[in-house]
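The task is simple: from the sequences and hints, build the whole structure.
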Amino acid sequence: MKRCLQCSREYDNSMMFCLDDGAELLYGPAPLDEQATAILLEPPASPGVELSESATQPQIKRADAAEPKGQPSRSSEELRSSGKRAAKPLALAAVAALIVISGFFGYRYFSQATRIQSIAVMPFLNESGNSDLEYLSDGISESLIKSLAGLPELNVKPRSTVIRYKERTAEPGVIARELNVGAILNGRLAQRGEQITLSLELIDAQNDRVIWSERYQRNSTELLTLQSEIAKDVTDKLRIQLSGADRAKLDNQDTSDPEAFRLYLRGRYHASKFTVDGFNQGIAYFNQALARDPAFALAWDGLAYCYYSNWYIPAKTGNANGKAAALKALELDPDLAEAHASLAIGAAWYEYDWVTAEKEFKKAIELKPNYALAHSYYGVALASMGRFDEAVASAKRAVELEPLSAEIGSMLGLVYFYAGQYDRAVEQTKNTIQFEPGFWFAHVFLARSVEKLGDRDRAETVLQHARSIPGANLDPLYSLGRIFALTGRKNEAEAVIKELTENKNAVEMDGYEAAVVYAAVGEKDKAFDQLEKEFATGGWMLNFLRVDPDLEPLRSDPRFADLLKKVNLSH
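Start counting the sequence shown at 1; every next residue gets the next number (the numbering used here).
Incorrect hints may have been included.
Restraint ranges, calculated between C-beta atoms of paired labels, are given here [claimed, not checked]:
#	residue 1	residue 2	range
1	Gly-386	Asn-219	51 to 57 Å
2	Thr-225	Gly-471	17 to 23 Å
3	Pro-152	Asp-529	50 to 56 Å
4	Ala-295	Lys-362	23 to 29 Å
5	Lys-316	Glu-492	52 to 58 Å
6	Arg-239	Asn-431	42 to 48 Å
7	Pro-152	Gly-471	35 to 41 Å
8	Thr-317	Pro-152	20 to 26 Å
What the hints contain is simulated information worked out from the structure, not anything from laboratory work. Remember, it's a predicted structure, so these values are computed and weren't measured experimentally. Think of the CB as a built atom: it goes at the ideal place given N, C-alpha and C, for glycine as much as any other residue.
Shown next, in the form of structure tokens:
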């Protein structure tokens, strides 16, 4: 057996260094200098027999050159001196060799242990046999991502990037190359009654080896402490040195109520579907969580997200509820970056308060520099203000942080479109569609960009497809109506206008979209009537009034300048 002299932990003879402190392993308990001396300079001795200086002489003499005949023999003292002189360079060379070898293996060990600075927490598999528990497997992995992402020394891929691997089987090395990470964390969850079993496996993707695996069995009421325990175990196995503040972050629990936490996970699961039903279920679950714990800041921010994003809620209602929820979240946690970003989105989309929006976006990014969503929507706001160079830079940064997020990739396409960079908009939206074919929003801006480049037939084909994708809102429809008008199909264009203005579900966006189609058919008065209606209802589409090329036929009219002033975009 080998032993670590620093912590006394024992290992088998195949190990070179201690896994806890990196110290070299030695046979037996002797200190490093004594052990090296015994191995290099002394012959084997019987137990209990003490070696004298003379005991080394035969060995030294055998290593010496034979004396030439006729030369006087040397005294014992000379031999001893000669032996010492001969042994000294040998000992120094041996020690130097030991240092070189130890340094080599030590470097390899520590470089392997410290070079892993990025990780992807893959969507956990639900092995419970109950599809209703998908929220739990998704929620635990998402919560773990959130905990680890708060550590400055670790680059953690966000959920929106890894979620695409949920239904895909791929080797860890392939995933690591695609995501550009050093480690992959896989998990499997099973639940029997109130007992939850979570099996984890941490993989060094570059060397294709399992660093660590563990099986946790906990009661469902212990989910809160489990995620912080796992986060600490992962950082320990990656050999990341945590400061006291970092450990406090991992220990910090957003709520002390386990059931409130479970309800929050359900809310996030449904809201992330980005559908009307998903938003409504999210609101219901977040409210249930807050009924149990009114001080749960993340649940308040979840409400803000649902209210701001749900296009089937009247704009003024969505803004009022979303703002109240975001402000409550910040009252409870002033440093919650997500809530600052939510407040910024509301200020820009619904209140046309660009000063507040920019301040809140910058605050969110300051608190969480790698928060891709904040960078993305800040880019959209900058584009609305006509600051295109800054807008592109911010939206591109978001894509660098989350290269596989369909939402963020589409927003960069949107920024390119409003900046008039239609070729780049086409390239970006096509890239997004390649890894997320069902994201209808990317199809819309692909079609709009293609149309600006002169290919109306292809644009119409893309829009017809986008309209058929489940969950799509009215964006494909109004863009189709505009193409109908531009290609002389006035009856079809008017049918689109009728659907837009009479659609009872389109409570917030119908005015702006109908105005675009009216502008294309040359009905300016009706177009301005619809834009005024949009402003009266507080619709967020007026954000793009200054930069939308589809409104070009209206720009020379004085009424257009008046509208720009109303939404604070005249400068």
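Contradicted hints - numbers only: 2, 5, 6 and 8
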